[in-house]
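Undergrad: Sequence:
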Amino acid sequence: MTTRDLLNEIFALKYFLSPVFASSKGSVSRKGPNNARASPARNNLGSKNHQVSPTSSCPENGPVSPNNSSENGPSSVPVSNLVERYKFAPCGHLLAENIRTEWVRSCVLRREEPAFLFSQMEDRGSTADAITNLREMFLATKELSNGKVPFIVASLAREYDNGIMPLSDCSMSNGQGGMSISDTSMSNGKTSMSNGHSETSNHNPSQNETEIIVDDHEWRHYFSPTELTSLRGFLFVTPSCGQQLFYHWQSQRKYWWRKFSCDPGKISVSEDAPNKTVNIQIELPFSGGSHQVMETIVNHGTGYFEQLEPGQRDAFEIKDGRKKCLPYLIESKLSVEAATLSLLCESLSRRGERQVMRLHRKLAPYKVAFLNSNDDELKSLAQYLYENLRQSHIHCLFSPLDAGLKSPTSIESQLSVNDRLGVPYSVLIRDSALQDGLISIRNRDTTLEEKVHISKLNEYVESLLKNS
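Residue numbers in the sequence shown follow full-length UniProt numbering, run continuously in steps of one, and reach 468 at the last position.
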């Protein structure tokens, strides 16, 4: 499957996400909260400036761009396939939220070390601000953990391409072994906000629509929008055990990604710099063996703090026995947008002519779907079971009806919709359920059905999700 085919199929699934591109007409430069105007593409790490090429109106390859046309003509025309940001539809929002939730559970709630979560949903104005933010989080966490290391500072932040290097780039050079999330987020060029709204379609572009050329290299831009949500983990330890914990951390993070991958063998680890920077990466189905970095882990050691001014350096001092020293720092970072798109690319498969989104049960936006019925009694029973599952905090929905239809379509048609949405389990309630109380639960991946009594539905579904 080509780049264009796969990305087109994902963006055509209107329930997940769609890209918003930089525009040449009616565009407004993206500014962060500090009113720092987005800068043109520049080399923070020694690579060549990316050249932006104009789009072609009728290319043979490349995902379909948003339709920004209006009654009076196009309101904005994408000038490149550089993605400014992503618009999340309902399923995309839930998928991204589930990724964040599982990350927090892994890096904060279930850690042996004390771990504390901070939210920085604003643009960092400068590298000095990044150091200030880290110091504030460090001091607060140090106090909460009684001044003892190891401890973890976890940060959720909204970041913009304003020419400011993230912490990862302040003390590392760009290696040749991979492309880290923190590298790509700073090299996408000037950002702008389209006045139109992004919609994705499968049809051929008209004269008021444009299509984006994507070749074997340019697909990476879709995984590095200029506006993103970053999840960072900072592990502060004593220098004596830092190197050991660096290997331990990358092993845990690799296992975490493999747990949620539908093909764990595609997840691997590569080194940008020996014992310094590692990338947890995934081989995408259209990339011809190329890999997309999912998460970057940087072994800063004590060097990051040693380069600070004495006044700044003193704030980071810790005690190792009876002596004071600087902490050993290990940082990991991932982008929610890149993770979401990567998992969608990996999960999309075909069963004959049917699309199947094989998302992990814990990440799937909806865990259970109930099929619609023309029978009022069956519909009432489905509604009752649906409400019971919702009271157990299980995300579920009724299978969406096809547009323009007032009555449910066939069972196969509804199951096809559920498969495209990545719903792991579909509940089928047939006429016999009114007599014997038995309903069928159909597994998305195996397509097998299992009979369950309606009184045991909640217990059974909870056990399925708990054991995933």
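It should be emphasised that the hints constitute simulated quantities derived from the structure, not laboratory data.
The reader is advised that the hints may include incorrect statements.
Claimed, not checked - DSBU-like mimics (lysine-lysine), calculated; alpha carbons at most 35 Å apart, straight line:
no.	residue 1	residue 2
1	Lys319	Lys466
2	Lys276	Lys362
3	Lys362	Lys451
4	Lys259	Lys456
5	Lys14	Lys451
6	Lys266	Lys362
7	Lys379	Lys254
8	Lys254	Lys466
9	Lys266	Lys148
10	Lys87	Lys466
11	Lys254	Lys319
12	Lys319	Lys14
13	Lys451	Lys259
To be verified - Simulated restraints on C-beta separations:
no.	residue 1	residue 2	range
14	Leu144	Arg354	44 to 54 Å
15	Gln243	His93	32 to 42 Å
16	Cys325	Val104	28 to 38 Å
17	Glu449	Glu136	53 to 63 Å
18	Lys456	His248	34 to 44 Å
19	Gly352	Lys259	44 to 54 Å
20	Arg100	Asn388	44 to 54 Å
21	Gly321	His248	19 to 29 Å
22	Gln244	Lys451	48 to 58 Å
Even for Gly, the Cβ is constructed at its ideal location relative to N, Cα and C.
Undergrad: Hints broken by the structure, by number, lowest first?
TA: Violated hints (numbers, rising): 1, 7, 9, 12, 19, 20; every other hint is consistent with the structure.
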